[in-house]
Amino acid sequence: MGSKGGGEAAAIAYTLIETCRMNKVDPEAWLTWVLARVADHKMTQLDDLMPWNWTPE
Numbered sequence: 001m002g003s004k005g006g007g008e009a010a011a012i013a014y015t016l017i018e019t020c021r022m023n024k025v026d027p028e029a030w031l032t033w034v035l036a037r038v039a040d041h042k043m044t045q046l047d048d049l050m051p052w053n054w055t056p057e
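Residue numbers (full-length UniProt numbering): 1 to 57.
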């Protein structure tokens, strides 16, 4: 990973991908959906963006 920060970023990415797979969600589709919405989403409702709450449109 090149550095401690790179390793931590990779660990976060791998965790998100595996969480998607465990919930039978396409990681690429979910991430595309999340990135389009996260900037305008309320911090108190971040759970709405989690893979286990996502359904394809």
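Bear in mind the hints are in silico, worked out from the structure with no lab data behind them. Be aware that a few hints might be false.
Straight-line Cα separation of at most 20 Å, SDA-like style, residue types lysine to any residue; simulated pairs [said to hold, decoys possible]:
{"id": "1", "residue 1": "K42", "residue 2": "Y14"}
{"id": "2", "residue 1": "K24", "residue 2": "Y14"}
{"id": "3", "residue 1": "K24", "residue 2": "K4"}
{"id": "4", "residue 1": "K42", "residue 2": "D26"}
{"id": "5", "residue 1": "K24", "residue 2": "K42"}
{"id": "6", "residue 1": "K4", "residue 2": "R21"}
{"id": "7", "residue 1": "K42", "residue 2": "W30"}
{"id": "8", "residue 1": "K4", "residue 2": "Y14"}
{"id": "9", "residue 1": "K24", "residue 2": "T55"}
{"id": "10", "residue 1": "K4", "residue 2": "T15"}
{"id": "11", "residue 1": "K42", "residue 2": "W52"}
{"id": "12", "residue 1": "K24", "residue 2": "W52"}
{"id": "13", "residue 1": "K24", "residue 2": "E57"}
{"id": "14", "residue 1": "K4", "residue 2": "L16"}
{"id": "15", "residue 1": "K24", "residue 2": "M1"}
{"id": "16", "residue 1": "K24", "residue 2": "L49"}
{"id": "17", "residue 1": "K24", "residue 2": "N53"}
{"id": "18", "residue 1": "K24", "residue 2": "D48"}
{"id": "19", "residue 1": "K42", "residue 2": "W54"}
{"id": "20", "residue 1": "K4", "residue 2": "W30"}
{"id": "21", "residue 1": "K42", "residue 2": "N53"}
{"id": "22", "residue 1": "K24", "residue 2": "A39"}
{"id": "23", "residue 1": "K4", "residue 2": "C20"}
Hints and how they fare:
1. K42 / Y14: 25 Å, violated
2. K24 / Y14: This hinted pair holds, its Cα atoms lying about 15 Å apart.
3. K24 / K4: Roughly 30 Å between the alpha carbons, so the hint for K24 and K4 is violated.
4. K42 / D26: Since the Cα atoms of K42 and D26 sit roughly 24 Å apart, the hinted pair is violated (cutoff 20 Å).
5. K24 / K42: Violated, at roughly 25 Å.
6. K4 / R21: 26 Å, violated
7. K42 / W30: Judged against 20 Å, a Cα distance of about 18 Å means the pair holds.
8. K4 / Y14: Holds - the C-alpha atoms of Y14 and K4 are around 15 Å apart, at most 20 Å.
9. K24 / T55: OK: K24 and T55 at ~10 Å, within 20 Å.
10. K4 / T15: Status holds; Cα separation ~17 Å.
11. K42 / W52: 18 Å, holds
12. K24 / W52: OK: K24 and W52 at ~9 Å, within 20 Å.
13. K24 / E57: 15 Å, holds
14. K4 / L16: Distance ~19 Å between K4 and L16 Cα, so the pair holds.
15. K24 / M1: With a Cα-Cα distance of about 27 Å, the restraint between K24 and M1 is violated, given a limit of 20 Å.
16. K24 / L49: 15 Å, holds
17. K24 / N53: Holds. K24 to N53 sits at ~11 Å (cutoff 20 Å).
18. K24 / D48: Answer holds: K24 to D48 is near 17 Å, not above 20 Å.
19. K42 / W54: 16 Å, holds
20. K4 / W30: 27 Å, violated
21. K42 / N53: 16 Å, holds
22. K24 / A39: Violated, because 25 Å separates the two Cα atoms, which is more than 20 Å.
23. K4 / C20: 25 Å, violated
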